[in-house]
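Asker: Sequence:
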Amino acid sequence: MKMLKVGDKVPDFISKDQDGTIIKLSDYLGSKLIIFFYPRANTPGCTAEACNLRDNYSELKAQGYELLGVSEDSSKKQSNFKNKYDLPFPLLADEDHTVINTFGVWGPKKFMGREFDGLLRTTFIIDEKGVVEKVIEKVKTKDHAAQLLD
Numbered sequence: 009m010k011m012l013k014v015g016d017k018v019p020d021f022i023s024k025d026q027d028g029t030i031i032k033l034s035d036y037l038g039s040k041l042i043i044f045f046y047p048r049a050n051t052p053g054c055t056a057e058a059c060n061l062r063d064n065y066s067e068l069k070a071q072g073y074e075l076l077g078v079s080e081d082s083s084k085k086q087s088n089f090k091n092k093y094d095l096p097f098p099l100l101a102d103e104d105h106t107v108i109n110t111f112g113v114w115g116p117k118k119f120m121g122r123e124f125d126g127l128l129r130t131t132f133i134i135d136e137k138g139v140v141e142k143v144i145e146k147v148k149t150k151d152h153a154a155q156l157l158d
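Following our numbering, the numbering of the sequence shown begins with 9 at its first residue and continues without gaps.
Errors might be hidden in some of the hints.
Derived EDC-like pairs (lysine to aspartate or glutamate); straight-line CA-CA distance at most 20 Å [to be verified]: (1) Lys24 - Glu74; (2) Lys24 - Asp94; (3) Lys10 - Asp25.
Bear in mind the hints are in silico, worked out from the structure with no lab data behind them. Computed from a predicted structure; not experimentally measured.
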């Protein structure tokens with residue numbers, strides 16, 4: 009599936025967060041939403057990204073944003089990640105790739121000289137009507153909030 013781009017209406021999705029709570033895109037209609045996709049909980053880059061967003065959460069909220077993190081990790085791994093780093097936003101456990109495929113963020117990537125298919129670290133800003141407003145493919149994990157707040 010092709011990656012969603014600016015101007016695309018995001019199809020509604022249903023997923024579960026780290027606690028098994030059902031989350032739908034339609035729950036966020038009327039709010040600006042940041043959805044950040046990260047390859048794996050508790051790895052250095054993903055931890056840096058999530059903690060940078062945590063540290064800037066109050067500023068993001070003050071600008072009207074809600075946040076959702078998404079990876080293919082299990083609910084248990086997401087729960088451990090959220091609790092270990094005191095993350096103030098839900099983390100979707102997208103083991104079946106429902107949300108990943110909706111956004112088109114699964115594809116070829118390179119890591120340590122290997123090429124393989126995996127989750128592409130990407131962030132989407134979605135407006136109050138559920139339309140993609142911005143896509144960030146070159147995520148700066150240690151300074152991601154600055155990319156969102158510019």
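Asker: Tell me the numbers of any earlier hints that the structure contravenes, in ascending order.
Answerer: 3
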